[in-house]
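Trainee: Start from the sequences, fold in the hints, and give me the full structure.
The lines below spell out each chain.
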Amino acid sequence: MTLGLVLALAAGTYAMRAAGPLLRGRLRVSERGRWLLSVAAVTLLAAFVAVSACYESGSFAGWPRVIGVLVGGVLAWRRAPFVVVVLVAAGVTAGLRAL
Amino acid sequence: MRSPKRTDRASDTARLLPAVASMALALVVVGASLGAIAVSSGAPLWLVTVMAALVFAGGSEFLVVGLATAGAAPLTVLLGGWLLNARHLPYGLAMGDVLDGGLGRRLLGSHLLVDEAVAFALAESEPRRRRRAYWVAGTTLYAVWAPSVLLGGLLGRGLGDPQLFGLDAALPAGLLTLVLPAVRDRPTARAVLLGCLLAVLTVPLLDEGLAVLVALLGTAAALLPVPGARRGAYVSEGEAV
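Each protein sequence line maps, in turn, to chains A and B. With the first letter of the first sequence counted as 1, position 28 gets the number 28 in full-length UniProt numbering; the numbers rise by one all the way through. With the first letter of the second sequence counted as 1, position 75 gets the number 75 in full-length UniProt numbering; the numbers rise by one all the way through.
Just so you know, these hints were derived from the structure itself, not from any lab. Treat the numbers as computed from the prediction; the structure is a model and nothing was measured. Accuracy of the hints is not assured; some may be wrong.
What the hints assert, rightly or not - Simulated coverage check for chain A against chain B, where a stretch passes if three residues somewhere in it have a Cβ under 8 Å from a Cβ of chain B: (1) 1 to 9; (2) 18 to 30; (3) 46 to 57; (4) 60 to 68; (5) 78 to 87.
All C-beta atoms in this analysis are idealised placements derived from N, C-alpha and C, irrespective of residue type, glycine included.
Mentor: The following block contains the structure:
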């Protein structure tokens with residue numbers, strides 16, 4: 001692990017982050033286009049959640065985590081407060097692992 | 001939660017605070033475990049802290065620490081990290097309305113573009129609140145990330161396992177809480193379901209970062225007319241909540 005590697009990763013990541021906001025400053029996007037971009041972002045975020053709930057560095061993360069996140073999801077759907085969702089998800093996962 | 005227009009910035013922030021604070025707390029523990037893992041696997045702590053401040057994307061930082069200290073070729077590590085962070089490009093396009101204003105604001109705000117900040121923004125439907133949620137979440141999470149990595153490295157091995165206390169489930173669950181209110185209409189729900197399915201199924205075949213990008217194909221499901229669905233049911237910028 002070297003400073004060069006860190007700087008290259010940082011530069012690439014920042015370029016990908018800034019590209020969108022800088023482009024959007026120049027482009028006119030239609031109402032429908034904006035809606036579609038927002039659907040794409042929600043989809044991407046949800047997929048990120050699904051993948052990080054199910055996998056740990058490329059292999060199945062185990063049922064405790066999956067069940068913990070699912071229980072959290074049900075609570076969130078029933079409009080439980082954010083803090084409660086996070087604590088219950090962690091608690092369920094830790095509890096299942098302790099069994 | 002739809003209070004009249006008179007809400008000011010301060011009350012917007014106060015409303016966000018409990019959720020942002022608990023997300024930040026979860027990130028502190030994750031950051032601390034990254035620092036502890038890095039130190040115990042022989043990476044220099046200053047370098048890991050610099051990386052936390054400059055890269056500010058947890059998944060890719062774990063990847064770098066894990067792969068680089070295991071002796072993987074730097075180019076492999078770099079490509080893996082870039083790929084994992086490629087989702088920030090479409091995030092950035094969608095956050096264009098949030099990151100408006102001068103060039104300085106755009107450049108600064110871009111660095112705060114992480115999954116959590118995007119999720120806080122998307123959970124709001126009104127543009128002003130969206131902007132507020134993005135900046136409050138982004139700056140708070142940025143402020144805690146690098147210091148917790150440093151702290152974890154200083155405190156050492158005792159913190160090395162993020163799976164302790166089930167914390168590995170806390171972050172996805174927190175993000176999920178923010179994603180659900182952003183699914184405002186049926187086309188979005190279809191896109192989300194198809195996207196998640198595609199991503200989860202392709203992880204064993206592809207790199208994890210790439211599998212998440214495959215989910216973008218799910219967006220097409222939002223455009224398709226579905227048999228049985230009434231025509232004209234398409235809601236743009238649905239405010240039906």
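Trainee: Hints first: check each against the structure and report whether it holds.
Mentor: Each hint tested on the structure:
Coverage of the segment 1 to 9 of chain A by chain B holds. Counting CB-CB distances below 8 Å, 9 residues qualify, and the rule asks for three or more. A stretch counts as covered by a chain when three or more of its residues have a beta carbon under 8 Å from one of that chain; for the segment 18 to 30 of chain A and chain B the count is 9, and the coverage holds. As drawn, the segment 46 to 57 of chain A meets chain B at 12 residues by the rule of a beta-carbon pair under 8 Å; at three or more, the given contact holds. Counting residues of the segment 60 to 68 of chain A whose beta carbon lies closer than 8 Å to any beta carbon of chain B gives 4, which reaches the threshold of three, so the coverage claim holds.
With 6 residues carrying a beta carbon less than 8 Å from a beta carbon of chain B, the segment 78 to 87 of chain A meets the three-residue requirement, and the given coverage holds.
Of the numbered hints listed earlier, not one is contradicted by the structure.
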